[in-house]
Amino acid sequence: MVETEAYLGPEDPASHASTRSGITNRNRMMFEAPGVAYVYRIYGVHWCLNVITGAEGEGQGVLIRGVEPTVGVESMARRRHGRRPLAAGPGRAAQALGVDGSLNGHHLSHTPLELLTGWTIADADVAITGRVGVAKAAEWPLRFFVRGSTGVSKASPHPGQRDALPPSP
DNA sequence: ACTCCGATTGTT
DNA sequence: ACAATCGGAGTA
Numbered sequence: 001m002v003e004t005e006a007y008l009g010p011e012d013p014a015s016h017a018s019t020r021s022g023i024t025n026r027n028r029m030m031f032e033a034p035g036v037a038y039v040y041r042i043y044g045v046h047w048c049l050n051v052i053t054g055a056e057g058e059g060q061g062v063l064i065r066g067v068e069p070t071v072g073v074e075s076m077a078r079r080r081h082g083r084r085p086l087a088a089g090p091g092r093a094a095q096a097l098g099v100d101g102s103l104n105g106h107h108l109s110h111t112p113l114e115l116l117t118g119w120t121i122a123d124a125d126v127a128i129t130g131r132v133g134v135a136k137a138a139e140w141p142l143r144f145f146v147r148g149s150t151g152v153s154k155a156s157p158h159p160g161q162r163d164a165l166p167p168s169p
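So the first sequence is numbered by the numbering used here: it starts at 1 and just counts up by one.
If you are wondering where the hints come from, they were derived from the structure by calculation, not from laboratory data.
The calculated label-pair distances, taken between Cβ atoms and stated as ranges, are:
no., residue 1, residue 2, range
1, Glu74, Ser21, 39 to 45 Å
2, Ser102, Gly82, 20 to 26 Å
3, Leu115, Thr150, 16 to 22 Å
4, Lys154, Val71, 23 to 29 Å
5, Pro34, Glu74, 30 to 36 Å
6, Asn25, Thr120, 34 to 40 Å
7, Leu113, Arg20, 29 to 35 Å
8, Leu116, Glu56, 20 to 26 Å
9, Arg84, Gly44, 21 to 27 Å
10, Thr70, Gly22, 38 to 44 Å
11, Thr150, Arg78, 15 to 21 Å
Since this is a predicted model, take the numbers as computed values, not measurements. Even for Gly, the Cβ is constructed at its ideal location relative to N, Cα and C.
With the hints as constraints, model all of the structure from the sequences given.
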């Protein structure tokens with residue numbers, strides 16, 4: 001998992017948990033407990049996988065934007081119908097991992113999808129930029145990716161951005 | 001009920 | 001540059 005984007009709770013204008021709508025049928029899994037998957041359909045075409053990270057009710061989650069294939073490459077290629085890149089980008093990553101709407105709301109410890117942790121990545125190898133494809137608060141430095149990884153979706157939209165922080169809640 | 005549009009991708 | 005594709009969310 002080499003590229004992610006954080007979406008904060010109701011105070012984040014770009015988040016589906018934004019206070020504008022409150023809790024709806026679409027975004028309600030954002031407010032679930034940490035480790036729950038929030039999967040939603042974008043542009044009527046692709047699935048996007050988020051992992052809830054905030055405490056229950058907080059509405060914080062992390063969008064999985066890019067995966068660098070290491071094991072199971074054959075399966076990923078099959079699910080992607082041989083298209084490249086295999087898993088760089090949220091839609092591609094979800095498809096490569098076999099994620100669809102049926103996973104929405106399931107805790108990741110209770111699904112075929114297993115989240116492995118334990119890798120250490122040096123801070124110097126992690127780039128932090130603004131978020132991709134959002135209309136509001138795009139400049140908030142909440143996109144994280146491993147420099148040079150083939151699993152990263154695209155070049156940084158806001159090069160060099162590393163300092164600014166989102167407003168404290 | 002009706003319109004608008006999106007945390008994207010693939011093709012022209 | 002643009003189509004694909006559809007349900008959520010906002011407006012009435």
